[in-house]
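Starting from the structure of chain A, add chain B where the hints point.
If you read the sequences in order, they're chains A and B. First residue of the first sequence: 1, per the numbering used here; consecutive thereafter. First residue of the second sequence: 1, per the numbering used here; consecutive thereafter.
Take these hints with a grain of salt, some might be off.
Partial list, computed: chain A residues near chain B (C-beta under 10 Å) [unchecked claim]: (1) ASN3; (2) LYS10; (3) ILE14; (4) ILE25; (5) ILE32; (6) VAL59; (7) ARG89.
It is worth saying that the hints were derived from the structure and are not from the lab. Just so we're clear, the structure is a prediction, and the values are computed from it rather than from any experiment. For each residue, glycine too, the CB sits at the ideal point set by N, CA and C.
These are the residues of each chain, in order.
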Amino acid sequence: MYNLISILFKYIFIIIIYLFIFSIIRLIYLDIKSINTITLEGNAYLKLINRRDSLPYKVKEHYSIDDEITMGRYSDNDIFIQDPFVSKRHFKIVEDEGAYYLEDLDSANGTYVNNERIEDVVKLSNGDIIRVGNIEFLFVDRG
Amino acid sequence: MFNKKVSINSPRNLLFLFEILSLFLLLVSQWNNIEKTIYYIWIGLILIIYISNYLLNKISSGDNYIFLIVTMLMSIGIIMIYRIDPNLGMKQLLWLSGGIAVFYLTYFAIKLIRGWDRWITLYIGASYFLFIMTFLLGTRKYGAINWINIGGISFQPAEITKILVIFIIASYYNKPDVFKKYRYSDYILMGIIYSFIALLFLQRDLGTALIFYGIFLFVQFIYEEKRKLILYNIGLSSIGAILGYVLFDHVKIRIQTWIDPWSFIDNKGYQITQSLFAIAEGGFFGTGLGLGHPEFIPLAYTDFIFSAICEEMGIFTGIGIIMLFLILVYRGFKIALNQNNKFYKILAIGVSLLFGIQSIIILGGVLKLLPLTGITLPFVSYGGSSILSSFIALGILQVSSEDINYEGEEVVE
Numbered sequence: 001m002y003n004l005i006s007i008l009f010k011y012i013f014i015i016i017i018y019l020f021i022f023s024i025i026r027l028i029y030l031d032i033k034s035i036n037t038i039t040l041e042g043n044a045y046l047k048l049i050n051r052r053d054s055l056p057y058k059v060k061e062h063y064s065i066d067d068e069i070t071m072g073r074y075s076d077n078d079i080f081i082q083d084p085f086v087s088k089r090h091f092k093i094v095e096d097e098g099a100y101y102l103e104d105l106d107s108a109n110g111t112y113v114n115n116e117r118i119e120d121v122v123k124l125s126n127g128d129i130i131r132v133g134n135i136e137f138l139f140v141d142r143g
Numbered sequence: 001m002f003n004k005k006v007s008i009n010s011p012r013n014l015l016f017l018f019e020i021l022s023l024f025l026l027l028v029s030q031w032n033n034i035e036k037t038i039y040y041i042w043i044g045l046i047l048i049i050y051i052s053n054y055l056l057n058k059i060s061s062g063d064n065y066i067f068l069i070v071t072m073l074m075s076i077g078i079i080m081i082y083r084i085d086p087n088l089g090m091k092q093l094l095w096l097s098g099g100i101a102v103f104y105l106t107y108f109a110i111k112l113i114r115g116w117d118r119w120i121t122l123y124i125g126a127s128y129f130l131f132i133m134t135f136l137l138g139t140r141k142y143g144a145i146n147w148i149n150i151g152g153i154s155f156q157p158a159e160i161t162k163i164l165v166i167f168i169i170a171s172y173y174n175k176p177d178v179f180k181k182y183r184y185s186d187y188i189l190m191g192i193i194y195s196f197i198a199l200l201f202l203q204r205d206l207g208t209a210l211i212f213y214g215i216f217l218f219v220q221f222i223y224e225e226k227r228k229l230i231l232y233n234i235g236l237s238s239i240g241a242i243l244g245y246v247l248f249d250h251v252k253i254r255i256q257t258w259i260d261p262w263s264f265i266d267n268k269g270y271q272i273t274q275s276l277f278a279i280a281e282g283g284f285f286g287t288g289l290g291l292g293h294p295e296f297i298p299l300a301y302t303d304f305i306f307s308a309i310c311e312e313m314g315i316f317t318g319i320g321i322i323m324l325f326l327i328l329v330y331r332g333f334k335i336a337l338n339q340n341n342k343f344y345k346i347l348a349i350g351v352s353l354l355f356g357i358q359s360i361i362i363l364g365g366v367l368k369l370l371p372l373t374g375i376t377l378p379f380v381s382y383g384g385s386s387i388l389s390s391f392i393a394l395g396i397l398q399v400s401s402e403d404i405n406y407e408g409e410e411v412v413e
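Isolated chain A, as found in the complex:
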């Protein structure tokens, strides 16, 4: 009697273990899939060039740009970075008829595009590197 049940159960146990593994892998798969779709929204985005763990504060890998995006040390900015080199309101990027313009908001330490300090407003093109203090962003426009 016991032997019969034991033999039956060994198959059931194996089936359960594999169903368990399968369901966990499926959940992990769904988890990973949802992460990828967030970053692919929008036409233009800023990509962080620095290795994220070299910066001692919270910063995302990608920031997508819709109509307007602002960057600064205050938390009401779209990109807020608690770096002492960053001014409270540092720069903003505005979209106008498919083109993107970067405007420096009188920041103390300045904004550099391709290593040139910008005065006033400058038009961004795909692949430009925006630097503020030690932080570097890559501007990507897939439009």
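Relative to the frame of chain A, chain B by itself:
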């Protein structure tokens, strides 16, 4: 029935079903002579596991797979241990309940107390203290002096040192600039880790020495800016390994029995050959619980539990266990990648490496892919200190999977 069960929280229910069925099997096997306490404890543990898996989703904003994976591993382990020796099975049930309690304690301690990254000297001091204690009070078990016996409870200090080593390495690489003020600070760190390895060598605890070395080398590989240090590390360890082989007999025996256990089948190679026989005996689906002969394998409840499981529950279960460890380590690295705080990132890497290396060493050992060194399979093997330290490590991993944002608060407006 199964279609209904495959819903969002299905792994939890599957685990529950697995445990209930194993309880039922136990009931059938003891039909004439039922011992009640075991059922109370087992049912209690099943409920704790089920509720924990449910509660953890609410308490912790972090990863909710690692605890599930671990509870599955320990369920498979406890079934096998109880089948081999009911007395040990009882003790293991208590250890597992204690382990889950320790998991929560660690979780809240790490989360609520700040400044874990500042106490590197304390970690180093505590590690040396545990080593000295081992040499003073240690007793020899299975050829290694790594047990301390205090008031009837024996434990392995090296299990705690494993966690301390991860903390030492993480505190150092969290802020290397602070330590760079002192000259040769990186060499000092290497010296400390190597002194631990040498002490473990003297205790003849080769498996743990290998774990320490593995964790150190991999974290160094990821974070060390002076790349030549990694080469020194590899070079030194190769010299050490060759010297160990020439100088120490017990190392030589391990290698000889690994290359050819069949010539020593009546003494030194007995363990490994019995392990291979058991795995071969089981086949794909195993003999069925209680119908094999795991009592022929020496130490079937600790180091060789994998062979015992393969014999009675089949190679498929064995592959399942390996897959569970794979997912666990994968989750660990994923947690490390998503963590912003560097200290917790390195802790997560260290813990994942600990689980990964430890399971590779012992699984490789019993399958004759690597020289056999006596360490436990995390969460599956019998052993109080092993279970507790594995759950401490898991608690650390659980905290690391959450968003930790201390440093941003100090910015002056």
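Checked hints:
no. : hint  : result
1   : ASN3  : holds (6 Å)
2   : LYS10 : holds (5 Å)
3   : ILE14 : holds (5 Å)
4   : ILE25 : holds (7 Å)
5   : ILE32 : holds (9 Å)
6   : VAL59 : holds (8 Å)
7   : ARG89 : violated (13 Å)
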